[in-house]
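2 protein chains.
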Amino acid sequence: MKSLLMIPGPTPCPDRVLRALSQPMINHRGPEYMALQRELIAGLKRVFRTEHDVLIFPASGTGGLEAAVANTLSPGDPVLAVTVGAFGERFAEIAEAFGADVRRLAFDWGQAADPGRVGEALAERPARSLLLTHNETSTGILNDLPALARVGREHGALVLVDSISGMIAADLQADAWDLDVVVAGSQKAWMIPPGLTFVSIRPRAWEAHQQARMARFYFDFTRMKRSMERDQTPYTPALPQLFGLRESLAMLQEEGLEASFRRHARLAGAVRRGAAALGLPLFADPAHASPALTAVGAPAGIDLRELRRRLREQHGVVIAGGQGAYQDRLFRIGHLGYVAESDIVATLAALERSLIGMGWGAEPGAAVAAAERALAEAEADA
Amino acid sequence: MKSLLMIPGPTPCPDRVLRALSQPMINHRGPEYMALQRELIAGLKRVFRTEHDVLIFPASGTGGLEAAVANTLSPGDPVLAVTVGAFGERFAEIAEAFGADVRRLAFDWGQAADPGRVGEALAERPARSLLLTHNETSTGILNDLPALARVGREHGALVLVDSISGMIAADLQADAWDLDVVVAGSQKAWMIPPGLTFVSIRPRAWEAHQQARMARFYFDFTRMKRSMERDQTPYTPALPQLFGLRESLAMLQEEGLEASFRRHARLAGAVRRGAAALGLPLFADPAHASPALTAVGAPAGIDLRELRRRLREQHGVVIAGGQGAYQDRLFRIGHLGYVAESDIVATLAALERSLIGMGWGAEPGAAVAAAERALAEAEADA
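Top line first, the protein sequences correspond to chains A and B.
Take 1 as the starting number for the first sequence in the working numbering and just add one per residue.
Take 1001 as the starting number for the second sequence in the working numbering and just add one per residue.
Worth flagging that the hints you see were computed from the coordinates, not collected in a lab.
Keep in mind the model is a prediction, meaning the values are calculated, not measured.
It is possible that some hints are incorrect.
To be verified - Derived CB-CB ranges, DEER-like: (1) G316(A) - D1231(B): 18 to 24 Å; (2) A1300(B) - E255(A): 53 to 59 Å; (3) D1231(B) - R19(A): 25 to 31 Å.
What the hints assert, rightly or not - A few chain A positions that, by computed beta-carbon distances, are all more than 10 Å from chain B: (4) W177; (5) E207; (6) P286; (7) H288; (8) I302; (9) D343; (10) E377.
In this text, a Cβ means the ideal position worked out from N, Cα and C, and glycines have one as well.
Looking at chain A on its own, in the form it has when it is part of the complex (with noise of 0.2 Å):
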């Protein structure tokens, strides 16, 4: 059956991305290659909006996070780790694998992270660096980034960002806002297959750098960057990841970010508006709802795995569950990367139609009827 991918990552690749995997494979250490990598990472310095370095590593976005610990911070550094869900929660697991003393701010899933209470935790107890999530896959959560690196600084913490499910969906601006490392991962609104991380790293993140004393190796920031600065890797890196990558980022400089931003906030309103049309309860708190994706809460009655299971078989509309305590409890419709309004009103449509088909009290074409009026307020706004 012909499917849709909805999920909030691997992210649908458009075909131009596709069809760029399949290049033959070239030398790593050759010409092609070189000039190859240092069009990329000006590319991605665009997208990050940052002067400073930018690096590749062959790996999913959980390296990009192990990254940004074990190269700033030594065993025993205090750590506040703010979470909002499963990804805040991985950060600091990592943090503390790798030995520092992390105290978390945890707040309810599905609520985004409070500035006043972070900045009142930094108070009580200074640390060394303050994890952050941008936009929290698990619960449909865009956090206010900016408030949060501000508070961050003003304490004098290192700002450690995974804004993995975040950049490109949302705007993110590396330099302006002060984040000090910033990990991305290449399946979400990239375009891209997984198998890529992308770590900005700002001076300061740098000075901490040469004092941090936690292990690494293959993750370590001086090894890719002295090979990076001679066009290099110091190991072979993901070429059809990379051929993708080239086309992806002509795509976002085709679009422009600030279109991108705009599609993705009229899409994630859309599909807001579509599933309340429908009675189904939102989880994110509104006024902090993801452009990336957005999750929905179980509707009385209605078993989500059966939900999910006719929506992939009867429609083909491949949709997210929940995570950890909330597998069943929630579902995800991801909506970041290469869609487009087809998708969302598709996707509802036959969201609606499985419900219905499972005894749901919903009126054929309402989330859709209730989309379309959505996009078109935002048509009319821009």
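Since chain A is already given, all that's left is putting chain B on it; use the hints.
Chain B only, in chain A's frame:
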């Protein structure tokens, strides 16, 4: 220009593999992925010749080496690193970076490791782990892995093996040879692009893992195994390379591992005979010459950068330089993975034409003729 990639990795990919890379993304938590991963793990176990665990990490082979070390050792543990080139040295550096007390037993570049001397070194100072290189990519040496591993076991050391450029080109039997951890890399004889490392783990390594206190998260064996037992992964897998792996495992099954070893030995022999017919100095001890690549020393008066440039720009044949101190004193021809006689003949023809063009006294056709004779003899022997 049509290009022939004859470096020791990344290696050329079969069309069937390249096409598989372009498959649209799928849900890595869904039934299709779960079935794929089960199939891949079963196939990997056949190639590693093990009934125990094989894990897949989305990373380069260097990441697999880090995993081998960080999962089985604690800071301060005594380690003996047997080095015969740049990659043995890298393995030792990783162990040092994670706090092991590393002693090196270094053999001259171009020589194989002597099991007797390894035994003496282990008798002199017992080691918790013995780090071994199966096939040294920087020099073209194939170590006597079963003999070296036996010595390690006799002295009670855990045997950690880098077989990144060895497996499939050369025989390796994880269970029969009692190899505690073996690390492989996708971009070598596996015929798929870089981006995956495979790690086999036998029961003694799992026991050591229980006590191992080195820092790890991304490469943690327990986290990966627990996920893989449920046909899942702890973070997003590198899907294109996994799609490619399915094809390459099928091709390996069609050819047969024994046939693959014979093919690699035959092609390697032809390269050595061809190079010798040109009067070029073979770098590696002929008794331990690698079936995966051949390193050749600089002929008197020939600039190797210029030689490689001519091969690439005039004949479309891409070969590698040397590594470390041998960067411009060696060139290396890769003949592992998806390589056939036709590639060897074309490479040798380009080599002799380039050398003759640079004033080296050789007869046109001499290298190709010698290679043809070697291939014919190998066929007659078979």
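* So which hints don't hold here, by number, going up? -> Failing hints: none at all.
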